[in-house]
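2 protein chains.
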Amino acid sequence: MTTQRLSSFHPPRRTLLGPGPSDMNPRVMAALAQPAIGYLDPAFVTMMEEIKELLRYAYQTTNPLTFPLSGPGSVGMEACFVNLVEPGDKVIVCRNGVFGGRMIENVERCGGTPVILEETWGEPIEPQKLADLLKAHPDTKIVAFVHAETSTGAQSDAQALCDLARQHGALTIVDCVTSLGGTPVAVDDWQADATYSGSQKCLSCTPGLSPVSYSERAVAKVKARTNNPNAGKVQSWFMDLNLVLSYWGETARTYHHTAPGNSLYALHEALLLLKEEGLENAWARHRSNHEALKAGAEAMGLKYVVKEAARLPQLNSVYIPEGIDDLAVRKTLLNDYNIEIGAGLGPLAGKIWRFGLMGYSSQPTNVLLLLSALSAVLGEMGYRHEAGAAEAAAHHAYAAQHAEAAQSKRAAG
Amino acid sequence: MTTQRLSSFHPPRRTLLGPGPSDMNPRVMAALAQPAIGYLDPAFVTMMEEIKELLRYAYQTTNPLTFPLSGPGSVGMEACFVNLVEPGDKVIVCRNGVFGGRMIENVERCGGTPVILEETWGEPIEPQKLADLLKAHPDTKIVAFVHAETSTGAQSDAQALCDLARQHGALTIVDCVTSLGGTPVAVDDWQADATYSGSQKCLSCTPGLSPVSYSERAVAKVKARTNNPNAGKVQSWFMDLNLVLSYWGETARTYHHTAPGNSLYALHEALLLLKEEGLENAWARHRSNHEALKAGAEAMGLKYVVKEAARLPQLNSVYIPEGIDDLAVRKTLLNDYNIEIGAGLGPLAGKIWRFGLMGYSSQPTNVLLLLSALSAVLGEMGYRHEAGAAEAAAHHAYAAQHAEAAQSKRAAG
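Chains as they are written, first to last, in the working numbering: chain H, 575 to 987; chain P, 575 to 987.
It is worth saying that the hints were derived from the structure and are not from the lab. Positions of the beta carbon are idealized from the N, C-alpha and C atoms, including for glycine. There could be a bad hint or two in this list.
Said to hold, decoys possible - Simulated restraints, written as ranges between beta carbons of each label pair: (1) S581(P) x R791(H): 30 to 36 Å; (2) R579(H) x Y893(P): 44 to 50 Å; (3) G675(P) x Q741(H): 54 to 60 Å.
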């Protein structure tokens, strides 16, 4: 054992402009440092109820079963599949990035039969393809798709996909990990059945929690399983909603597992910040900073991966210019500027960068910092572009937004 | 939506003397509040390696695969079962409390066949019973037991149980949730195969992490599964060690899930505190405060549930005196003294209290506070006992310990 040399860990102060985690508001960090209390303490239970209420606001739903699971987004995903997919169920999985692939893994491990709708990475899911597949597989029980693909920055039309599934009598599982808080997520309008997200993206909370929301239809299916000998028990004890409900449900609280108290304090504060700002204002802020970043990136000659109509404002993926060393750029940004950006994954590894402007990280100062640093680093590496043009374009975009806002205000007044 | 009235959550300042979570050292709370960094940041990876090293010290093992899972202790438990139990495997589960029962649930959900060794709640597992059961079931693949039963305060002889399992060619799964850091856990001496714990008991860290340690034999079984068509893939994607290893293993780091960064900062600090104190000193401290609490509780006329030889110093379970209202006492302690103690579970609900003296909560000041408050509350409820006797007995126990320590020092010097 050679631990003698170890000392307290103090992380470097980064600016997180990758695919998550994003920077936390100081209020969220302060919330994290509060003392522990028991997971059945009346004060704790009150806080849990407030979190559920705030999450319903974020998800735009009245689903009673809306709460955070005690694990990262991957637990949220797995919880949706293990509870809803019964052995033998046919499940259409739409794959246009990493997380669709992970969904297929989940279906297989639950004993379900995946039917895969393949889409090019960077493209949204084409509703017509889902319509065709549903017609070809009328016994489909569930349709699963990713609303906002973190690996590419593409957003699919959740309303259209949920409508099609419902018309064919299938339940829906919707991944909103990167969308919640950044672009509109409307669980009730979509009539989505099982939705999950993560705490560390546009909610800007500490990683390790997965807010989920289940419709009455989804809850009914889970509750029916215990009486169905063919379906059997949910294969995961930890994720079995029948058990989790005893702690997070509406009736008397009983022990299921020890809730991650400090992380929940932080989630409460992060959701409160979102409520104080207002969902519409949060979406507009993400949009505004995206426009400025886009103006700057394009002024630098960078090309976006995703077509404009499907582009996520909170996750900007651009092609790495030819001849530029991916790793060298990311290392220099991290070491010299303390900026983290995201690398490409899967078939896009080494080909794209992902610039995240999520939650508290979505600020004009960060847009300008990133453009300035990236412009300098690319310049040092011999990439030809006009110095200062990116920052000027971003400033111009913000100025245009301010002028437009002032005009709207005058028109309204 | 009626969230307008909500404000930041500030927990009441409790003294946590139940079965966990325990109070956190201020250094751990300060660690929690540090800014986020990426889960592949070189600084983060260095911290991960230090956590693994510190956990090997806490577990007294050289197992390379020793790391914290991103979920509470129930995830640690489930991860051990889903990885090691293949469909059809016969698993002996020793049940002498709540958590043995949960193990049986896990075996069933993995498609294993549980063989149950039943023991009275509050008693340790009798090794002879395991020996007999192993003889009756020579095809047993795994033996699972709880080292320190949180629901009763009984500690079983892990060395003896692991030895028996090994002699019969079975792997072992050992629950050390409440023992790690409070009483000796010696994974290498025991030759335990899969061990899990929780962050919020004697490690006094924030809840939500489950430190695990796997032997080479356990890792070999998990790795072999992918090549064994009958075993099939591990049913949980999130807990599949073959995948988790790509992030926490010894080779290049790749993305598996977003690690709960702030909680890991806290675990690093909590483990560092344990290392600074020294394992032996931490065990002695838990023993010392237990002796004082016991002296006081017995002076008050309270009777312990567990026989002395199997009693956990960090979890003191006592019978509720006849005629005393369980809930009223716990409510008064919480509301008037900000003290949380634990209730009984299962067949012991309403019959016992559980006084935890775990990690940072194991302090003489807390022993005296609890005795003083409990004595007063019981007195108000008409329980007859001599005022001040409990505190005096505790002071006497500490004085005797100090005298003994001084004598040892003189003898040594």
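TODO: State, for the Cβ atoms of R579(H) and Y893(P), whether the hinted interval 44 to 50 Å holds or is violated.
DONE: 48 Å, holds
TODO: Evaluate the given range 54 to 60 Å for the C-beta pair formed by G675(P) and Q741(H).
DONE: Given a distance of about 44 Å, which is not inside 54 to 60 Å, the answer is violated.
TODO: Could you check the hint for me, namely that S581(P) and R791(H) are 30 to 36 Å apart, CB to CB?
DONE: Given range 30 to 36 Å: holds, Cβ gap about 35 Å.
Figure legend: structure checked against the earlier numbered hints; the only hint not met is number 3.
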